[in-house]
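Novice: Listed below are the residues making up each chain.
Number of protein chains: 2
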Amino acid sequence: METQAAIRTRRSIRDFDPGRKVSDRQLHELFELVGLSPSSYNLQAWEFLVIRAAAGKKKLRACAEDQRHVEEASAAIIVLADTYPIDYARTTMADRVKLGYYDQQKAQATLAKITAWKGKGAEYRKLKAVRSVSLACMALMLAARDMGLDSCPIEGFDSGQVRKGFGIPGRYEIAMLICLGYRKQEPRQRLPRKEVKDIVHLEALGRPLQ
Amino acid sequence: METQAAIRTRRSIRDFDPGRKVSDRQLHELFELVGLSPSSYNLQAWEFLVIRAAAGKKKLRACAEDQRHVEEASAAIIVLADTYPIDYARTTMADRVKLGYYDQQKAQATLAKITAWKGKGAEYRKLKAVRSVSLACMALMLAARDMGLDSCPIEGFDSGQVRKGFGIPGRYEIAMLICLGYRKQEPRQRLPRKEVKDIVHLEALGRPLQ
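Top to bottom, those sequences are chains A and B.
Using the working numbering, the letters of the first sequence map in sequence onto residues 1323 to 1532.
Using the working numbering, the letters of the second sequence map in sequence onto residues 1323 to 1532.
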C-alpha cells in the first residue's frame, strides 16, 4: 500500500473482528519493519510482549480500564522501553567500529556517555526511552496498516498492575499498549484535526505556516 | 512510494544537499499527513517550529552539540509537546459530541479527567506529551521519505538553550529536533538491527517469537 494511503487509512480501531487472527508469520514481518526505526546510538531500547492467548488478553483488559478492544483484538501488545540499555550499547558500539562509523576512542567515549545515563535519574531515562520506543510504535501502526492490519494505541492502563500481572522488571517502562487485529467494520468519521497553520510555525512561534 | 519502501529507505541522514530546499508547499503536504497521527482524546499536543533561515539554523546548531546537519539540512524542526493541552481539550470534546462519539456527560467527565492532569505533576505530563508527539514524529519521517525527503531525529541538544534561544514557553517540552532535507549521497550501510526474536516475546517475557 502507498505510504500516504497507510497514513490516511490508519485509524484507532476499537471494533475488531474476533474471528481473524494475526499469525506468527505476520508478527515476524511486522516486527522486522518496526526494528528499522531510528534510535539514539542505535540502542533499539524497544521490546514487545505480544499477548494472543484469551486468558492473557482478559487479564490485560482488566489492567486497561476494561477496554473491550484489548480482549477482542487478535493480539494485545505490551510495549516496553528499556530505560537503561547498557548491555546492548556494547554490541552496537562494536558494530560501529566494525563498519567504520566510529574509531575505538569514539566508541569508548560514547559508551561512557551512555553509562552516565544511570546517574541522570529515573525521569531522564524514562523520557528518553519512551520517546525512542514511541517512534517504533508509530512505525508499527503504519506497517500494520500496510499489511492490511489495524491497531489502536492505548495510554489508559494501570502500569503497576500490568507490571505485576505480566512480571515486567523495573528497568522497563511500560510505554503503551497496542491492540492489533482486523477491523470488523469501517470506523466512524475521523475526529477533526487541527489545521496545518495551527501546528506549524515558521522561524518563530506565532508565525504560522499559511 | 510503497510503505515498506518508505520504512526500508528511511535513514537518519547526516549529509544533506545544501542546495536543495524544502518549500512551503512541501511542508504543508507533510504536516497535513503528520496531523493524522493518533493521540489520546485526539488532543494533538504537537507543534512544530520550522527553522529554514540561515541564522536560525546556525543558532540551533550551537544548541545541538554543534552537529553540522542541523545547519546543512534545508529545515531544522524544533518539535514541541504541549504538556497541558487543556484549551484544545474543550474543542475536541465538543467535536466528539457533535459527531456522536460521546454524549455531553461523557465529554464533561473526560474534560475533568484531562483537567486533573495538572495535579499529576510535571513528570507525568511530560511523559504523556512526549510519547504522543513522538508518534507524530515517526509519521513525519516516513511521510517525508515518501515525498522523496530525508530526515534525522536528534536527541542531543541543550533544552534550556533551545528554550531561551527560540522563546519556547515552559508549558512545552522540547521533544526532539528533526532535520529535513535531501540526502547528498547514499548513506553508509545501515547499522545492524536486533533480530525479531530478541525484541518480541510471546505471551510471557523470555518466550521469544522464533
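Hint data in this document are derived by calculation from the structure and do not stem from the laboratory.
It is possible that part of the hints are untrue.
For chains that are exact copies, the list does not tell them apart, and a pair is met inside one copy or across any two.
[As the list claims (entries may be wrong)] Calculated lysine-lysine pairs in the DSS-like style (CA-CA distance at most 25 angstroms, straight line):
1. K1448 <-> K1435
2. K1516 <-> K1448
3. K1442 <-> K1343
4. K1380 <-> K1506
5. K1380 <-> K1448
6. K1440 <-> K1380
Novice: Would you list, in rising numerical order, the hints stated earlier that this structure does not obey?
Specialist: Numbers 3, 5, 6, in rising order.
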